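**Student:** Residue 85 is where the sequence shown starts when you use the numbering used here, and the numbers rise one by one after that.
Quick list of simulated restraints, FRET-style, between CB atoms:
{"id": "1", "residue 1": "Gln517", "residue 2": "Gly604", "range": "22 to 32 angstroms"}
{"id": "2", "residue 1": "Glu142", "residue 2": "Arg184", "range": "29 to 39 angstroms"}
{"id": "3", "residue 1": "Gly604", "residue 2": "Leu564", "range": "11 to 21 angstroms"}
Taking lysine-lysine and the DSS-like style, the derived pairs with C-alpha atoms no more than 30 angstroms apart in a straight line are:
{"id": "4", "residue 1": "Lys194", "residue 2": "Lys288"}
{"id": "5", "residue 1": "Lys171", "residue 2": "Lys155"}
{"id": "6", "residue 1": "Lys185", "residue 2": "Lys165"}
{"id": "7", "residue 1": "Lys324", "residue 2": "Lys367"}
{"id": "8", "residue 1": "Lys115", "residue 2": "Lys185"}
{"id": "9", "residue 1": "Lys172", "residue 2": "Lys194"}
{"id": "10", "residue 1": "Lys194", "residue 2": "Lys122"}
{"id": "11", "residue 1": "Lys115", "residue 2": "Lys288"}
{"id": "12", "residue 1": "Lys115", "residue 2": "Lys171"}
{"id": "13", "residue 1": "Lys185", "residue 2": "Lys172"}
{"id": "14", "residue 1": "Lys155", "residue 2": "Lys185"}
{"id": "15", "residue 1": "Lys194", "residue 2": "Lys290"}
{"id": "16", "residue 1": "Lys119", "residue 2": "Lys171"}
{"id": "17", "residue 1": "Lys155", "residue 2": "Lys115"}
{"id": "18", "residue 1": "Lys171", "residue 2": "Lys185"}
{"id": "19", "residue 1": "Lys115", "residue 2": "Lys165"}
{"id": "20", "residue 1": "Lys170", "residue 2": "Lys122"}
{"id": "21", "residue 1": "Lys115", "residue 2": "Lys172"}
{"id": "22", "residue 1": "Lys170", "residue 2": "Lys155"}
No wet-lab data here; the hints were simulated from the structure. Because the structure is a prediction, the values reported are computed rather than measured. The C-beta atom is built at its ideal place from N, Cα and C for all residues, glycine as well.
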Amino acid sequence: MKKKERRSKLTEECCCLCLISDDDPAIYGEKFTLKEHKLSVHYFCLLTSCGVYQRGEEDEGVAGFLVDDIKQEVRRSARLKCYCCKKKGAAVGCYVRSCRKTFHFPCGRKHNFLSQFTEPFPSYCPDHAPSQAQCVSSDLGMREADAPLSVSCSVCLDPLDSLLCYSVLKCPSCTNGWFHRDCVQRQAHSAGLYFFRCTLCNNKEKFQEEMLRMGIYIPERDASWELEANAYSELLEVYKHCDAVSCLCNNGRTHSAKIGWFEVIRCRLCGAGGTHRRCAGLKLDTVDWACGGCTQATDGRASLVKSPQASQRKSLLSKRHLSPIRSSINCKRLSLPVGCGSPEQVLQALCPAVSPLTVQLNVDADRALTAALELVRRADWDPTHTLSVRFSGVPQDSDTGRRLFLKLLVDQIQDCEVFEGPSGAKNLALDAQALREDLYYDVGCLLSLSLLHGGPSVSFLSRALYQCLFNYPANRPLTLEHMTPDTHLTQQVSKMAGAGSLDELQEVMSESWEFLEVSGCNRPITSLDEREALVEDLISFTMITRMQLPLQRFREGLQTLGVFDQVQLFPSLLCGVFCQPCVRLSAQTVSEIYSVIFSPEEETLSRETPVISFWRHFLLECEVGKSSVSLQDLLRFSTGSEKVPEGGFHPAPHISFIHPHTQASEGDSDTAREWRDQGLFPQSQPDSMHLFLPVTSSYCAFKASMETAVSHHVHLLPATDS
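Whole structure, please, built from the sequences with the hints as guidance.
**Tutor:** Here it is, written out as structure tokens:
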């Protein structure tokens, strides 16, 4: 019995298609074992088999190959003999129809059969397999004509003969890139799609295309070293050791206080040396220190070296302080799966953790931008801190005040001096005063802050400005339509673009010689055909060249909380957040925002269910104008915001119910029911996104109650433009 059990176990460990138990993911693909079906199979055997296809989802069966299909393929191949080992079960066949050779995948690798891992996953026998060109350069070709040139594999560095064959592959882009097939396959398995490239010339596109053609499998994943847990944890460690000749700290050289005399200060230049302030005789506020080795290497001037941040603070055109910006995304790799996510999900991935500290703001409705600028210019400002905003003379909760403040802020930013152009299509304006005050940085910082703290979408940038900021659409030239209309420069460029003859063009250029001189375009034009290039150069100068500093500072401001980097990763997805006007609020949108919390008791539930019908009908009447309040008023009453933020509401809004103190009975008169309805009004808790709907006996009573409460609430709030 034990012998039979061992034999059964050994059979289960063997791949059902190639009948071997080897487990080498780089050569045979991952080995899947389904114990409940007593079945094991190599991934490459599945991909190259002729009679099985992925008919399921990725989480079904074996990577989309259904178990029943695999068993059917085993039965089909059981009748076919392998051309190499002469055993049954050859599931792979040559892709050339006239060729009848079949083989096991591992046998094929040993006998120079080639399988390609791209649709439709064809395999070829040695007679029909693709091959590489023998010579790439004339010099190498002359040498090969005489005798093989001994070179080294660029992966394992072992010598090989520079004769192209099944086991030796060559990079199509460089002369010295030679590889063993198994070496380059293991390199592809380790590097993955994002990092697999030639080890010598670093070419990626041509190299991957050629390797796929020659039967190298490239997994569509990140590199194996990127997937290891805590792979780079040592990079997060900082040097915390006092290297002074005599350490005065009672707790030892490795002790580092958070502040004070015994905080370890690291060398500004190398970061590999440290000292306590007291041990090096430094002042209590010293943060700029260099170790002895760096001081000697810089002739004693190392301690005078200033960081880029320090010099930036002294510049009239830079930020007066640098906020502790923390980017929560990995710039090298996508933070969301490709093809997945919405603007709301992308922005939620950047939302800062709620800090126990809050920033208090008392503002007037018409001075939201001024108050915001004072906030970000404070030395202790942190963008992750929660905003607590109250409007002067208006009693309201902090969340309502914050959302109203962010709405007013975005509206006032659109009309400030750093932007020009029509509403909804703003370009950056060149303003010397704004440059001196570094207003471009502040505005970018405030827009990032608004997006991630529950504010409305920006929606007023022009497509041209979005392209200048994020290069989307990529490498598309700007045209005359992208320029700000009705400006002096736009009018001059328009006259040149509209010139009907060479004489007219030269006359316009003569009138605008100062503009041409400043832009570097004051060149002789001898043909009307040169007009297009001239206009393109002038547009590029007006929109990009002369705006380099404002664009750069605006980008740096948008770096706050990682917004700029995330938009660069998803430019098409987030374009609507910055450029397109907000979609008109609809009854369906408002209805979908709220989740309803019903009472568990059946009797109470029966009275609450009709109220939801009243609520949805009331939303429709608000949308079409049959109510005295609008959907914006209703949303403002319950959440404190007139629009749905791009990042969504946090927490999610929900609805509960307010019941009358005395319950109505079937015998009550209409007068008694109306008396009970008159005392009920909706209530809201914007901080917790909680809306309480009155349980009334009729829709008319529900509508009257809602309109009274919402109108009264809206009249108490500062007026804003929708």
